[in-house]
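The task is simple: from the sequences and hints, build the whole structure.
Chains as they are written, first to last, in this note's numbering: chain A, 373 to 572; chain B, 373 to 572; chain C, 373 to 572; chain D, 373 to 572.
No false leads were slipped in.
It does not matter which identical chain is meant; a pair holds if it fits inside one copy or across any two.
Below 20 angstroms or equal to it, Euclidean Cα-Cα: the simulated SDA-like pairs (lysine to any residue) are:
{"hint": "1", "residue 1": "K506", "residue 2": "A446"}
{"hint": "2", "residue 1": "K422", "residue 2": "S402"}
{"hint": "3", "residue 1": "K506", "residue 2": "H549"}
{"hint": "4", "residue 1": "K558", "residue 2": "I530"}
{"hint": "5", "residue 1": "K497", "residue 2": "V482"}
{"hint": "6", "residue 1": "K473", "residue 2": "A445"}
Hints were generated in silico from the structure; no laboratory data involved.
Number of protein chains: 4
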Amino acid sequence: MIERVKPEKPKRGRPRSETARRAILAAASSLLEEGGISAVTMEAVAAKAKVGKPTIYRSWPNARALAMAALMAADTSATSVRQTDDPLADLERQLLKVVTKFATKHGGQVRLMLAAAEQDSEIAKGFRNQVILKSRMEGREILLHAIETGDIRTDADIEIALDMIYGPLFYRVLIGHLPLDEGFAKALLTNVLAGLAPIS
Amino acid sequence: MIERVKPEKPKRGRPRSETARRAILAAASSLLEEGGISAVTMEAVAAKAKVGKPTIYRSWPNARALAMAALMAADTSATSVRQTDDPLADLERQLLKVVTKFATKHGGQVRLMLAAAEQDSEIAKGFRNQVILKSRMEGREILLHAIETGDIRTDADIEIALDMIYGPLFYRVLIGHLPLDEGFAKALLTNVLAGLAPIS
Amino acid sequence: MIERVKPEKPKRGRPRSETARRAILAAASSLLEEGGISAVTMEAVAAKAKVGKPTIYRSWPNARALAMAALMAADTSATSVRQTDDPLADLERQLLKVVTKFATKHGGQVRLMLAAAEQDSEIAKGFRNQVILKSRMEGREILLHAIETGDIRTDADIEIALDMIYGPLFYRVLIGHLPLDEGFAKALLTNVLAGLAPIS
Amino acid sequence: MIERVKPEKPKRGRPRSETARRAILAAASSLLEEGGISAVTMEAVAAKAKVGKPTIYRSWPNARALAMAALMAADTSATSVRQTDDPLADLERQLLKVVTKFATKHGGQVRLMLAAAEQDSEIAKGFRNQVILKSRMEGREILLHAIETGDIRTDADIEIALDMIYGPLFYRVLIGHLPLDEGFAKALLTNVLAGLAPIS
DNA sequence: ATCTAAGCGAGACGGTACGTCACGTCTTGGG
DNA sequence: CCCAAGACGTGACGTACCGTCTCGCTTAGAT
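Given below as structure tokens:
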């Protein structure tokens, strides 16, 4: 998890205010949208959320962590797709959803966020797992299903296939050398699947 | 370019000190290595390089730009490979060089740098072009050569192929979910080339 | 009084814990000794006394008041002296007792405390009456007795005499420009009494 | 002195701004007058003087020191009196000036300041020397002159006499048990000088 | 050979945000 | 109804850097 945890079980004293928590995340999200990660300062969040700074520090250790938490909280929009009997169609639908999500300004925020973290911090790991790798994990499920249904080769290297699908996608999000659009997603998928097709 | 330029031709007055310039980049590089991008503060660089802050500002507009310049200056190690009659072998050699380069701590610094930039700033573009896209551009040369030699299909979508090669690579550098090694590079290349082979 | 009073008579509910009261004063005293008045924070006292902050606030309105109360509680050592037939000797004995008391670190604490009060607050008045003026009041009793016994002039201005005795004493405690010792006390008394002697 | 000093002689770099210095002291003085010592916060001073906080910290180590400096700066009104051939009259004039000065709100500020200091800090010493002991030192000059002119005994203990004059004065300023006025000053002086008169 | 514009180091400037501390109040569950 | 615990909003603390601005001193091309 991103937020701090209190290890002891017997919860004594006044409990943390859920209202404050929500106000903080909302303020952080709003600032993130307006001015990017550098606008998510503790001072600004505290002022906007009408909350004391220590209240924020009680739950998040610093501004970057809070910004990530806000981004993740705003990211509840699941990318998950319903699995059908046609895994290849499932995969395409999922990929298009991911592309749609990152093609917007959300993509820019993700880029800003990625390197801001302390590198290998617990916070950063959580962020990567939830925001970056969630789609990859879903993809793995679909590919495994495709092996069962016989839509792709049984000896395919799933991990490399996944990197070949989601890697180029984030490559374009991060570097921006070429646009991230539906056409790209489809062409990418076609190329990857060509190498995974069962020997007819 | 990263460094500021003085447009006027008649260079009067004392010229800028090359010694100072080198000392600044060296100090910035050293700080970058020790404490990451957040350690590259103007104050620290000025102190370490025994240089006045305005001297730094005369050449770089802010700390991020300086950090990038330092990283790029340290990055003189060309990835370029000699082109032979066997473009596919050329490509593999180039890819292995890139992997070697980014598998070290250099990769971590690149990650840190990527999102620190102002996004679309001149500085960030230069960085992306030189550090991230240089390898991709070299790859394009090789693939175009391979089309001429008939090693890959003439109707192959080069751009997507390039993203499929270099995208997964940076994906692993940035996210770190799986290791970036020689085996991965070879398997990746094999898979990509499988889809590009001419119809025999 | 320093502590708050609860006006209503019908004492309902759980009575205040005398244990807590003592623990609080003890903790405050200890902190006062260790780090001066600025160390007597509500947080520290509550933590040290294993007491909730509201419990302290129930009895003292703020940290200064508590510090003063602690200092006064520790100050139970009466300065009072037995009155004999020789008032001048009584006065000297009393003065020496006062000097002894304030020459120790207690003097420093008193100095710290004096100006910390809100000026004219009830708390500060009580402190001044008990800690600073108690000795002066005792001195007045002795001087009045001395008038009766004929040891000093009947038309002497007692108040000014008292200020001339106890004023210099606190002057040295507070400013510390010269030491506060037995010799000083005796010389002071000699000089003052010289002006109060009956016309022989 | 109260303000920090830079020991090295060759003053390099931009010199400290005298304008800023004056603005800070003026703001501090103003706040001191309005709300007492607790109103002299670094934040408020910085805001009022339109100055950055670090600029204040460059010259004064904390808020108390600044408040003292402000009080001392406002205290340029010399108490010194012209010395004449009649030292006793000089002394009375000086004492009345001191009484006038401390009978006003200035007295209250001095009280507040006295104990606020860290005790034995360099700052506090300077404050005591300039604000509290300056009058005492002037008094010493006058008394020494009086010995020369034969107005007081040659074997008088000057230090104790001084404490008997200025001690009661500050006693009343600090404790406030009795008013500090002209009548008190005259009566006090009369009593003290009675014991210092040369044996006629 | 002098003038003079520009760069040099140093460091103070007005700011912004940091992360911490203590304040005095409020809100829990337990006795 | 008091107790301990502890979260709350507030606000000042002292620090770190920011990017700009003098300082007095080179330095070297133009006069």
